[in-house]
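Peer 1: Given next are the chains, with one letter for each unit.
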Amino acid sequence: MGVQEQYPFDVEAARADFPILDRKVGGDPETPGEGPGDDTPLVYLDNAATSHTPDPVVDAIADYYRGYNANVHRGIHQLSQEASVAYEEAHDTVADFVGADGREEIIFTKNTTEAMNLVAYAWGLEELGPGDNVVLSEMEHHASLVTWQQIGKRTGADVRFVEVTDEGYLDMNHAAELIDDDTEMVSVVHVSNALGTINPIAELADLAHDHDALIFADAAQSVPNRPVDVKALDVDFLAFSGHKMCGPTGIGALYGRESLLDEMQPYLYGGDMIRRVSFEDSTWEDLPWKFEAGTPSIAQGIGFAAAIEYLEAIGMERIEAHEDLLAAYAYDELAAIDGVEIYGPPGDDRGGLVSFNVDGVHAHDLSSILNDYGIAIRAGDHCTQPLHDELGISASARASFYLYNTVEEIDALVDAVGEARDLFV
Amino acid sequence: MGLGSDMYRQQILDHYKNPRNYGELEDPDFTHVGENPSCGDTIQMEVALDDAEETIEAVRFTGDGCAISMASASMLSERLHGMSVDELDALDTDDITEMLGVDISPMRVKCAVLGRQVAQDGAKIHRGELDPDRTRTKTEE
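If you read the sequences in order, they're chains A and B.
Counting from 14, one number per residue, gives the positions in the first sequence under the numbering used here.
Counting from 10, one number per residue, gives the positions in the second sequence under the numbering used here.
Hints are computed from structural coordinates only; laboratory data are not their basis.
Ideal Cβ positions, reconstructed from N, Cα and C, are used throughout, including at glycine.
Heads up, some of the hints might be wrong.
Here are a few chain B residues that face chain A, going by a calculated C-beta distance under 8 Å [claimed, not checked]:
no., residue
1, Met-16
2, Tyr-17
3, Leu-22
4, Phe-39
5, Gly-49
6, Asp-73
7, Gly-74
8, Cys-75
9, Ala-76
10, Ser-114
11, Arg-117
12, Cys-120
Restricting the straight-line Cα-Cα distance to at most 16 Å, the calculated cross-link-like pairs of lysine to aspartate or glutamate (EDC-like) are [what the hints assert, rightly or not]:
no., chain 1, residue 1, chain 2, residue 2
13, B, Lys-119, B, Asp-103
14, B, Lys-26, A, Asp-372
15, B, Lys-133, B, Glu-62
16, B, Lys-133, B, Asp-103
17, B, Lys-26, A, Asp-435
18, B, Lys-119, B, Asp-73
Chain A on its own, in the form it takes in the complex (with noise of 0.2 Å):
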């Protein structure tokens, strides 16, 4: 059985929801030194970076700006009045999308990053101080690893990383050692960009309320592709971004737990964030406008949620199995050519991305090589630099899947990284 006939859904139905999909890219592999084209299939394997975004989303937000654009939570005119209510239902969507108990819970931001700086600035530069530590993994992005660095430095907080282990997981026996009662926060990616690691979120956050800490969730990788619920998960915040998951750039979503938010100050002042203003001082809006200060992204906030829409519309346990399916396929096609080297748990206990390299091929020149049959991927160090250099190697590559992608893709991929193979060595 061609393993085509295991997709979860109808994956060539949905792919006609992209239409960028169907375009041309590159030059044509059949006739060396003619240059650049525009003739060769795209095959898109970056979707970790960032994701496409189906007709249904793009309509979302033409319609908003064709049909009711308006400033939201102003006007009393008809328009504001739809602007807002979309605006604000987007984020009921978002909230019953990873199980929150509502809007409250749910504040819109720029991204993960921005999400992860609103906690780091509202809460931590408040909490923390000398003698508290935070812990992370080492397989942190760079949006949690800079962010709690720094904030470790200007609080005198220690900041500590949670080993990972040789097949790529985290160390949990060493987690259990740096979580202790000095620990205010946990901060970890649910799934690592880098390595496809699905990180045990529950079992941290144990240990983190064991020791009276909070936990967050970087589920940047997670929400767009797998069931999410931070009830189950049990996690105080969780973060992720809207472009990743078919929807615009500029949305993302923090979650917090609403007796948290409650007790944090804003990060951000201005418009629409407060209640009442004086010269001499100012009260906030309730949950969770204290934290949308200035104009929203009320268009990307309406897109996000049509994408939420989108992907409900397939399942995402449907869409969780697809990836599953891929990834171990992509694993095991590559792992089967010569020098080529994968970083990260086994095939079929991973998020839906594989990082590799390919011996005597640095991975910039297997990415351009890659390019000219059409293929996208990923090349650099997937924002992970200490995990790279712990790894030992300064890049990888990284191709990475979504709802849309196919085997036929992948074998597409296999056989080109077979092709810079052969014109390196």
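Since chain A is already given, all that's left is putting chain B on it; use the hints.
Peer 2: For chain B alone, coordinates are given in the frame of chain A:
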């Protein structure tokens, strides 16, 4: 092939696999290290000048990076022998792409010019025209 593979003509691959002037000088007049932060490529250039400090007498480089940056540094090291310091100063991006003999895609130009940048910055620091703390690169002790 298109732009990507076309960059990897035999000459580039040859210099990548067999870099010329690879190593260090016993008594360089200046040593400079540069890094391309977007991709992590690192190149060290060591240069010996004549007594008048006008002409480049010897060049060695070491580095870690992609084929484009390494081949470019290797080819540059050959070209710099006997070149005047003024000529080094005047080298621009077009000179480098001409030297490489292939079209370099826009995303990879930084790789191609890293070796040139390191040599030029090193020379400027040596002459006291550039504050080492104000470059992206650092001078080796």
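Peer 1: Find the hints from earlier in the document that the structure breaks and name them by number, from lowest to highest.
Peer 2: 4, 16
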